[in-house]
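For reference, the chains in residue letters:
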Amino acid sequence: MTAVSTRPAAPAPAPTPDAASQARRPADPFAGIGAALRLVVRRNRVRLVTWLYVVVGLFAYVAVYYRSIFDTQQSLDDFARVSDTPAIKALTGLEAAPNTMGGAVWTKIWMTCALCLMLGVAFLVTRSGRADEELGRTELLRAHMLGIHAYSTAAWLVNAALCLACGVGVAVASILLELDPDGAGVTGSLVLGASIAGVGAVALGVAAVANQVATTSRGANMIGAAVIGAFYVLRMLGDLGDGRLTWVSPIGWGQEMQPWGANRWWVLALLLGLTVVLHLVALRLEVRRDLGAGLVADRPGPARAPERWTRPLGLSLRLQRGPIIGWSVAVLLSAVLFGSVVDAMTDLLDDASSTMTDVIGGTGVDDLVALLVEIIALVVSVFAVQTALALRTDEAAGMAELQLAGAVPRARWALDRLVIPAVGSAALLVVSGALLGWSYGASTGSAGQVGSLALAALAYWPAVMVVVGVAVVLFGWAPRVAVAATWAVVGAMWVVVVVGPALRLPDWLLDALPFAATPAQPAEPFSWTPVVVLAAVAAVLVWLGVDRFRRRDVVTA
Amino acid sequence: MGLAIEVDGLTKRFGVVQALRGLDLAVPTGEVVGFLGPNGSGKSTTIRILLGLLHADGGRATVLGGDPWVDAVRLHRSIAYVPSDVNLWPNLTGGEAIDILARLSAPLEPARRAAMLERFELDPTKKARTYSKGNRQKVALVAALASRADLLVLDEPTSGLDPLMEAVFTDAVREVKAEGRSVLLSSHIFAEVEKLADRVTIIREGAAVESGTIAELRHLTRSQVTVAVDAGADRLAALAGVHDLHQQDDHVTFAVDEAELPSVLAAVAALQPRSLVANPPSLEELFLRHYGDDLAAAERRATAADREGARS
Ligand SMILES: Nc1ncnc2c1ncn2[C@@H]1O[C@H](COP(=O)(O)OP(=O)(O)O)[C@@H](O)[C@H]1O
Ligand SMILES: [Mg+2]
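If you read the protein sequences in the order shown, they are chains A and B.
Following the UniProt record's numbering, the numbering of the first sequence begins with 1 at its first residue and continues without gaps.
Following the UniProt record's numbering, the numbering of the second sequence begins with 1 at its first residue and continues without gaps.
Keep in mind that a hint or two might mislead.
What the hints assert, rightly or not - Pulled a few chain A residues facing chain B out of the computed Cβ check, cut under 10 angstroms:
#1 LYS89
#2 THR216
#3 GLY229
#4 ALA293
#5 ARG299
#6 GLY301
#7 TRP309
#8 ALA400
#9 ALA407
#10 LEU544
#11 ASP547
By construction, these hints were calculated from the structure, which means they are not laboratory data.
Nothing here was measured: the structure is a model prediction, and the numbers come from that model.
For glycine and all other residues, C-beta sits at the position ideal for the given N, C-alpha and C.
Just chain A, with the same shape it has in the complex (with noise of 0.2 angstroms):
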């Protein structure tokens, strides 16, 4: 799956006049990458099995639902109708034969466990990449008899390995719960872990060449987290138009695979190819770049810092200038894109018969107006976690420390860092729900959705704040698994947005949940309880952990 065995053994090439002008290759890159391979599996068993089971897992239980509520081909049918709206269509697409049993578990699950999967790859890749980089760990290793591409090459296999097992996983699961039709064979089930193990080799490929990129891991991390973003808005725009940019999307090439539909097996080859490009890539930028460095070398800067970096918002605003103009460029343009995606799709209604108007028009296109700015919403809240763990990420690496040895009083120092998940994420809201209101109203002249929509958005604001509270409570009770612990948290909170009914939880708490209680506007009336709550369960949060942090011992990692 990965380059390694496609590269001939190049014999290490004698020293020449120029060789300063070329990037020469180490003798035995590869040397050493058993134990290499040993030390990555050994460092993230416990991760590697967790994303095991969430992706075979999920998939796992939501067909065993399924198999349970749908007993007659005709309950297929129904369900099959009323999933083919814009909603379900945006959030991820449809399946080639949606009224089987493997296509509709399809539909309420792959585009899930892919991106679970893609994720996990990404972050897992950094973790063995660019973070021990970072921290020197790659350079004890390196002074070894390692070669120069073993470390990375060893992570890249062991994450291979990953997406092998859980398409394998997805596939036996598939088998053993019989979601093929009577009489097919297996070929769908076999597709359908293919098109899964694939789009995981895509984001291992894509995780790859961010590693070598960026200079730190959280820079490899929002890259790749970023392309994998990027991958799922232009499946999105396909999925909802003419189906053409589904194809220029590695996960759209995962749909095409179409499991129990088309069974196009050729499709994996794309994705097998693309990642053994990046991959070559990789190596290629591996073999160019200095251990530790990125691809541009770092310039001298100014040797005074400014008056204001003494308030920790001031230095806070100048240490997250990257996520912050970062997410607020990915947040702004898919609002723009989500918007536009909307009008063209009500452009076709109007040329459509007065029933199908009916039928979609009316609650249609609110239901997929109140499901993009729900998407916007919660996307807001990873840029308001990931700037609001940026409290624990600094206490861990002990920058806290140096500050609050300073005169910095502990409450003032995390509640300055807060006003930029807090301002930022209503800033974010605001202005997202303006462009999306505005792309959607840009030709039907409709100037009054810019506003409204800007209100639906920011009504998740205080949802996006109980988040942020969450973060901050296990930053000031649970400092050593707060980041993991927050992670957990909001992904758990996607696949209930998600998965939802499925998981057999009670309406009330399903209810109860951040995003599910705040109104859906335009689909559903807007209305202060809910908010006003939520507000006030987020005040408590954030004041209970910084409180905590006050108490407590400054714990570095």
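Given the structure of chain A, go ahead and fit chain B with the ligands onto it with the hints provided.
Same frame as chain A, but now just chain B with the ligands:
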């Protein structure tokens, strides 16, 4: 004279690890106090408590007359701190980091800042990511030494410095002391402390095992004595103040407590030695005597060798 730091029976536990077991420590105003101890003995833990970064479980600590936990912010205006592991913001420059640190504690004098940068040969325009450990350490040192802090708390400040820079550091601390400011200097290297400190506290496994002025501690040191005698060496081993006795053929080597030197020498004289070599007491040896398990094991090996030597 008042005390800049006063620590009384300090205890701190991390889960199952008892890091501090009733530590006592005092830093008189205007003095440099060496805080010596092997790795893991609790120096950094003590210092973090003195800075209000950790909460002590028991005991009392007073810094510049205030409670380090309650009055942290007020006190930090008069304290400069150099941590043992300096972690900086990777994409800020060293100069930017110095300004950030200095503005958060005691005010910094621009002239001093420039002078210190020069003396430590630090380029303030480089990104912290590209600094070596020694250069990161220099950033924290420049920020601390250029400040007007009344109290400097330095946790193994020279661990990444080359010998030339160590000399610069020694000079700078002497200047700080000449200005009447107080310094707590933690270290696991004896020579560094001996050069600078008025007083020394030796910590081992979370408790102070020795404490006093350098002169007082010299009294606790032992001279190393080697004599060649024909017989009666075993009588020496029984004397008060004789330690670590080894015998090889007719050469006997042992350590003598400074206080017992007269009586032991009288006993040696009675054995009519053919030769005698005495090495002057070293504080290093005193420090090593209190060092961790390595040394204890070495002592056990030595005594085992003694017994074998005695049998043969
Ligand atoms: N946050 C912590 N959690 C658990 N144990 C710790 C922590 N910090 C220090 N220790 C333990 O406390 C003891 C003293 O450590 P430290 O104060 O860092 O020693 P020193 O600075 O003298 O080398 C060591 O055994 C160390 O492992
Ligand atoms: Mg230490």
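For each hint, the structure was consulted:
1. LYS89: violated (41 angstroms)
2. THR216: OK, holds: A/THR216 within 10 angstroms of chain B, min 7 angstroms.
3. GLY229: violated (23 angstroms)
4. ALA293: It holds, given that the least Cβ distance between A/ALA293 and chain B is near 9 angstroms, below 10 angstroms.
5. ARG299: Constraint on A/ARG299 satisfied, holds at 8 angstroms.
6. GLY301: Result: holds, 4 angstroms to nearest chain B Cβ.
7. TRP309: Since the shortest Cβ distance to chain B is 6 angstroms, the answer is holds.
8. ALA400: Where the cut-off is 10 angstroms and the nearest Cβ of chain B is about 9 angstroms from A/ALA400, the hint holds.
9. ALA407: Nearest chain B Cβ about 4 angstroms off; hint holds.
10. LEU544: violated (18 angstroms)
11. ASP547: violated (14 angstroms)
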